[in-house]
Amino acid sequence: MVDLEHELAARVRQAGADKTPLCIRGGGSKAFYGRASQGEVLDVAGHTGVVSYEPTELVITARAGTPLTEIEALLADKGQVLPFEPPHFGNATLGGMLAAGLSGPRRPWTGAVRDAVLGVKIINGRGEVLSFGGQVMKNVAGYDVPRLMAGSMGTLAVILEASVKVLPRPASALTLVHEFDSETAARRLLGWARQALPLSGSLYHDGRLWLRLCGAEQGVAAASEVIGGEEEPADVWTAVREQTLPFFTTPRPLWRVSLPAAAPELALPGETLIEWGGALRWLVSDAAPETVRARVQALGGHATWFRGHDGKAPVFQPLPVPLMSLHRAVKQSLDPHGLFNPGRLYPEL
Amino acid sequence: MNAPAEVLLPPEQRRALVADLRAVLPSHCVLAETEELHPYECDGLSAYKQLPAVAVLPETIEQVQAVLRICRSHNVPVVPRGAGTGLSGGALPLSNGVLLGLARFNRILEIDPDNRMARVQPGVRNLAISEAAAVHGLYYAPDPSSQIACSIGGNVAENSGGVHCLKYGLTVHNVLGIKMLTMDGELLELGGAGLDSPGYDLLALMTGSEGLLGIVIEVTVRLLPKPERTQVLLAAYDSVEKAGEAVAAIIAAGIIPAGLEMMDNPSIRAAEDFVHAGYPVDAEAILLCELDGTNAEVSEEIMRVRSLLIESGATEVRTATDEAQRQRFWAGRKGAFPAVGRISPDYYCMDGTIPRKHLGRVLKRIDELSDEYGLKVANVFHAGDGNLHPLILFDANREGELHQAEAFGTAILDLCVSVGGTVTGEHGIGIEKLAPMCSQFGAAELTQFHAIKAAFDPAGLLNPGKAVPTLHRCAEFGRMHVHAGELKFPDLPRF
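Protein sequence lines correspond, in order, to chains V and B. Letter by letter, the first sequence follows residues 2 to 350 of the numbering used here. Letter by letter, the second sequence follows residues 7 to 501 of the numbering used here.
Some hints could be false.
Unchecked claim - Simulated pairs of lysine to aspartate or glutamate, EDC-like, Cα-Cα distance not exceeding 20 Å:
1) B/K248 with V/E266
2) V/K31 with V/E243
3) B/K173 with V/D116
4) B/K363 with V/E41
5) V/K20 with V/D4
6) V/K79 with B/E224
Hint data in this document are derived by calculation from the structure and do not stem from the laboratory. Quick caveat, the model's predicted, so the values are computed rather than measured.
Turn these sequences into a full structure, and let the hints guide you.
Dropping the structure here:
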């Protein structure tokens, strides 16, 4: 438990006075994610500690530098989990988790990081320490600044502390696997998605479809009768979340493609791995970025150049001009001197 | 009182404004006569009334854009309005402004069962979405009590809740994307059919922004498969503390019910007299616990919840034997507001949320405050998520009681903030809770809110004076006051 709030706020005020941009750093586990940013390192990893955790309130509050492993271990002791299953990619911290906004296999069924964040304490670009939201599920007082932080890549504020909704760990979990061609897999997935089944993960790769059921024991057993397939004892979900499957370990460009679940196949050169009932498609491809983005946009989604880029190219799907203007105005409202992670999300921010 | 000061447009400016609006809208879409404007003088919070300078009911996006550009050029404020069922005065007109009614945007544009989503215009009623999706076995989860009347655009503006938030979330968790217009009439698309849109989560910022940031003109919502089975239990307790502990025990056991509601004795009695739900009128508190899911899941959880309720000291636990009884159990809860309206000439509804662990303490303190202020209070809560609706009973015709009720309400909201809660869980700030916002947020946070507003609306013309108090207003004071006879939609359930 180390409270660096005052030191960090003083650093931000100093940076504002000196007009020195800052690169906010937690555990550094997602340094590969987004564009490269230039500036003095502002290390938040030392600002640590769980501030409060009351299991029956279903909420945990911790400082931004607190390691995710520590938080997840504490939750596990009380039979609870972060419902959005954030990827770690190494020594992840709570602040980095929120800033990156990445969620794991359960995301389409139980929500993303942004759905779970209830409150934040931040330092804005004027060096002021501000608190928004809180520790309660229902709270409509003021604009939803806590959710605005999710996925902002540290370009709006320094996250000091976050309150996050947690859920009970499902009483029972079961992974089933089918051998399907891609067309059959897509059709069956859409059919199951229309039923109220306790699904909590889907993965299709190389002719195999893995499905995870989570929930009450009898409920999982009954749903497994509906879904069928072979029981898979191995934990494929951690491997896909942490990208340790061989599919991901490639120096070639890796794209994270978000689409409507029922969208047709990408039909781009390269290999795909499909999660989230069809809504998340990973693509390893040497196709030109413009080709990937144009195809994905035509299918109603967006593409992120996740790994294997040079840090200078656009990483996130470019925004229409009027929407980018609004982004700039929002950035300006929180970070008027443009101190935080310049260019990390978009060159204009 | 928080009512904004009445500042009328100079007659010649008003005439010019109306003429400009008539030039871009069909004549039946511009309302400028006093008698035409009366239906728009208030929303669900009828204690505050104000006629707008003019009301418009456009029918196309292009017309809305034209209206916004005209207002911009006249430097006239705009108050957006959906169905007008809001409870905090968010759609209260401004005397010098244009009321922008979106009720005519009432078409369901697309139901996409494979992607489990619906694309609708903002004036579509909340319940109409579920009705349209039912043929596909799908529904829209958030169910604010006014769902037969409230519009989805208004739900986005308020981030509306309902009784199933604990398991299914609020509006913000169930909206995939919106199309909105800025005050300049620029059309923006936020979110969309793909999850986790690139850039800032402006969709989250728009949700619950009470019409201060932009005009929602299309909404894409997520649909869910209808649960195979829904079951409800009713448990009676001889103390509210025990009922509160039962709620914690259910959560601690790893069960997230679809709904978990509590009523105290005065509410139970009022509701029973009103709808004859079969409630145990001698109980100090009852819990209603709804479970849904597959047949197997519900069967398993209902046994577990039943034993937890008995272990936590319930004097009686009933399980609804059929759908009719389930509806009856809910009818009492859903009718609690009008039921209380029958036993008291006036009531004043609070909407604070607290961390559940403080429930016993907060209720005890509300009880003490009730004695101190000499006014009775009936409590109904969304117990699962700690959202309290204390209803303060009073008679506005008695000298000083309105003032007492407002002071009592202030004390309750301050109490909610002091235990780490919030002054509004789902009804919004509007004009009603501007003053309590000042106890919840400091000057720096409020200033940051104003900076965010300015990023979207630099001229400050969208619903100004609502939702976020100026630092100057923080010296002022006021509270919601619903007179039974003045309630705008007396037959809508409020819970």
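*Looking back at the numbered hints, which does the structure fail to meet, lowest number first?*
1, 4, 5 and 6
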